[in-house]
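Here the protein sequences line up with chains A and B, keeping their order. The letter at position 37 of the first sequence is residue 37 when you use the numbering used here, and the numbering goes up by one with no holes. Throughout, the numbering used here is defined as the position within the second sequence, counted from one, plus 306.
Since the hints were derived computationally from the structure, they do not count as laboratory data. Possibly wrong hints are sitting among the right ones.
[What the hints assert, rightly or not] When the alpha-carbon atoms are kept at most 30 Å apart in a straight line, the in silico DSBU-like pairs for lysine-lysine are as follows:
1. B:LYS477 / B:LYS596
2. A:LYS106 / B:LYS520
3. A:LYS214 / A:LYS156
4. B:LYS464 / B:LYS520
5. B:LYS477 / B:LYS543
6. B:LYS468 / B:LYS543
7. B:LYS412 / A:LYS76
8. A:LYS106 / B:LYS477
9. B:LYS464 / B:LYS382
10. B:LYS412 / B:LYS477
11. B:LYS596 / A:LYS106
12. A:LYS156 / B:LYS543
13. B:LYS543 / A:LYS106
14. A:LYS76 / B:LYS477
15. A:LYS158 / A:LYS237
16. B:LYS477 / B:LYS520
17. B:LYS462 / B:LYS382
18. B:LYS412 / B:LYS382
19. A:LYS158 / A:LYS76
20. A:LYS171 / B:LYS468
21. A:LYS158 / A:LYS171
22. A:LYS106 / A:LYS76
23. A:LYS290 / A:LYS171
24. A:LYS156 / A:LYS171
[Unchecked claim] If you anchor each label on the Cβ, the simulated ranges turn out as follows:
25. B:VAL459 / A:VAL108: 22 to 32 Å
26. B:LYS412 / A:ARG266: 52 to 62 Å
27. A:PRO61 / B:LYS412: 36 to 46 Å
28. B:LYS468 / A:SER71: 55 to 65 Å
29. B:GLY363 / A:PRO179: 51 to 61 Å
30. B:GLY363 / A:GLY82: 14 to 24 Å
31. B:ASN375 / A:ASP85: 16 to 26 Å
32. B:PRO482 / A:PRO179: 48 to 58 Å
33. B:LEU328 / A:GLY82: 24 to 34 Å
34. B:VAL476 / A:SER71: 36 to 46 Å
Note that the Cβ used here is the ideal one computed from N, Cα and C, for glycine as well.
2 protein chains.
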Amino acid sequence: MIVALAGGIGGSKLLAGLARRLPADQLTILGNTGDDIELFGLRICPDLDTITYTLSGHCNPATGWGLRNDSFRCLKEIRRLGGEDWFQLGDRDLATHIFRSWLLGKGVRLSEVTRRICAAWGVRQRLLPMSDSHAPTFLVTDRGRLHLQEYLVREKAKLVVKEVDLSAAVKARLTPEIPDSVQQARAVIVCPSNPLISIGPILAVAGMRELLAKCKATVIAVSPIVANDSLKGPSAKMMRELGYEVSAAGVAAMYRGFVDCLVLDRSDAALASRIEDLGMDAWSTATVMKSEEDKDRLADFILEQL
Amino acid sequence: MIVALAGGIGGSKLLAGLARRLPADQLTILGNTGDDIELFGLRICPDLDTITYTLSGHCNPATGWGLRNDSFRCLKEIRRLGGEDWFQLGDRDLATHIFRSWLLGKGVRLSEVTRRICAAWGVRQRLLPMSDSHAPTFLVTDRGRLHLQEYLVREKAKLVVKEVDLSAAVKARLTPEIPDSVQQARAVIVCPSNPLISIGPILAVAGMRELLAKCKATVIAVSPIVANDSLKGPSAKMMRELGYEVSAAGVAAMYRGFVDCLVLDRSDAALASRIEDLGMDAWSTATVMKSEEDKDRLADFILEQL
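Construct the complete structure from the given sequences, taking the supplied hints into account.
Here you go:
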């Protein structure tokens, strides 16, 4: 059993490779729900949905999120009604949010709702939300405190981040499925997702870091920072603004204490000794995933080490 | 000021004519909400929406309900997720339900929600739901007790109706806007909607019949039964199954006590004396509305009598 911690777009790339290489019942994913947002009374779980749509083969390849061939006709009418429309909600995608919100409203746990959504989309891997509680991430910026999605989507990640507020995750509880999965795993893979806003909230849930630090599985993290920059998304910008070193070594420092091996890009091989000084192995390979072959190759590289 | 009581498709035909003939601020509509249903946590108000879409000019002319040029992509995915899909929810139309459910969830009254939806669609007439409470109509049939929409849409009105259960409407309360409107009206028009399931729920709300019986306005009802049949929809079938006489005289008997004048079709002119025996005037004219001109002509006929 492999357990993978993942955010949305970046994490899903490696998950796609892992899913093609592992039997479905041997991959369990702990998904970030710190990016969840409630809009018009609907609970949106962007990272869980990106993972579900990616693993089902229905994700929009042009964006990395949402469904293929979706339309935005409902959102246009929500705008007419005076609702905020900065968060893209596709017509097909909306079904997921409506269905989820309906079940949550009836008291069904998010873990069970997610299981049903995955089953409907034919996803056979197990996708576990990091918590059944709503634990949204907020960012303190130079223009005030914003929900993560307001920062990422509405403000296009342009504001200066002063603090990542994970207080809701800290108060959230792990689901019973999570310790069970981690304890049964022979390896835990931390996908190359944003360490601050994708992996950070999962780690912030009470007991999660300790669970990973104490488990018998090998914990392997893939650096989302290559050549001192993020390949996509605001990881590097946010790390810089918050005073972290923008490098694979900086990522290693953030994961110190529970990660056994850091996978870094070949171009960063010179950082290996600094990473080893932090008490973890450093494995270098090609980590940039532009094609499906790249994803498979990185998955193979990791699985071969186990 | 004219106040019109209306259900959905049938009532909206006359409303379209009245709206073209009257200044917008002189027409107030009391809409049936007994046909409201909650689906997937969304509050659907089919009659209010049919009225809103009709008066805004955006109603689908082919069906008489829903929006023009709508699509059903979200509903198809709801079906994938295992949700019931017998109730047609268009992608554009869904925005109304999402927006309404969101505001209701925040504690906004349905009357205010409806006002905002009408404003967004450019409807300048006043549309008042019969109550701010959810008061769904149920039908006792030969196959058990069903929500009105289950009977009408899912079962295509094929079951035998044994009883119309308006107990929720009986327990509901009129909004404060309704007595105000009726007391200021010079005429109240009961549109040619189904007397049992469109007008019946409005009349069942505690105090409504008394309000109409005692108001100083002339109360004029248009018979939805012409030549012993309903033009469209299950009015005649339901009246027959419940033991009512299927005729304009049968309609007059149902409205006895608060209606002053019944407008009946010319082809039913022979029933006039029986209607007059019930203590109301009988006005005969062409009441069948197939074209927009028919709607205007019927509106003109009624308004000319006032």
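Against the structure, the hints:
no. : hint                            : result
1   : B:LYS477 / B:LYS596             : violated (37 Å)
2   : A:LYS106 / B:LYS520             : violated (44 Å)
3   : A:LYS214 / A:LYS156             : violated (38 Å)
4   : B:LYS464 / B:LYS520             : violated (38 Å)
5   : B:LYS477 / B:LYS543             : holds (27 Å)
6   : B:LYS468 / B:LYS543             : holds (11 Å)
7   : B:LYS412 / A:LYS76              : holds (22 Å)
8   : A:LYS106 / B:LYS477             : holds (25 Å)
9   : B:LYS464 / B:LYS382             : holds (25 Å)
10  : B:LYS412 / B:LYS477             : holds (23 Å)
11  : B:LYS596 / A:LYS106             : violated (44 Å)
12  : A:LYS156 / B:LYS543             : violated (59 Å)
13  : B:LYS543 / A:LYS106             : violated (37 Å)
14  : A:LYS76 / B:LYS477              : violated (37 Å)
15  : A:LYS158 / A:LYS237             : holds (9 Å)
16  : B:LYS477 / B:LYS520             : holds (21 Å)
17  : B:LYS462 / B:LYS382             : holds (20 Å)
18  : B:LYS412 / B:LYS382             : holds (28 Å)
19  : A:LYS158 / A:LYS76              : holds (25 Å)
20  : A:LYS171 / B:LYS468             : violated (54 Å)
21  : A:LYS158 / A:LYS171             : holds (28 Å)
22  : A:LYS106 / A:LYS76              : holds (29 Å)
23  : A:LYS290 / A:LYS171             : violated (37 Å)
24  : A:LYS156 / A:LYS171             : holds (28 Å)
25  : B:VAL459 / A:VAL108: 22 to 32 Å : holds (26 Å)
26  : B:LYS412 / A:ARG266: 52 to 62 Å : holds (53 Å)
27  : A:PRO61 / B:LYS412: 36 to 46 Å  : holds (37 Å)
28  : B:LYS468 / A:SER71: 55 to 65 Å  : violated (44 Å)
29  : B:GLY363 / A:PRO179: 51 to 61 Å : holds (59 Å)
30  : B:GLY363 / A:GLY82: 14 to 24 Å  : holds (20 Å)
31  : B:ASN375 / A:ASP85: 16 to 26 Å  : holds (19 Å)
32  : B:PRO482 / A:PRO179: 48 to 58 Å : holds (55 Å)
33  : B:LEU328 / A:GLY82: 24 to 34 Å  : holds (27 Å)
34  : B:VAL476 / A:SER71: 36 to 46 Å  : holds (43 Å)
When the structure is compared with the earlier hints, violations turn up for hints 1, 2, 3, 4, 11, 12, 13, 14, 20, 23 and 28 and for no others.
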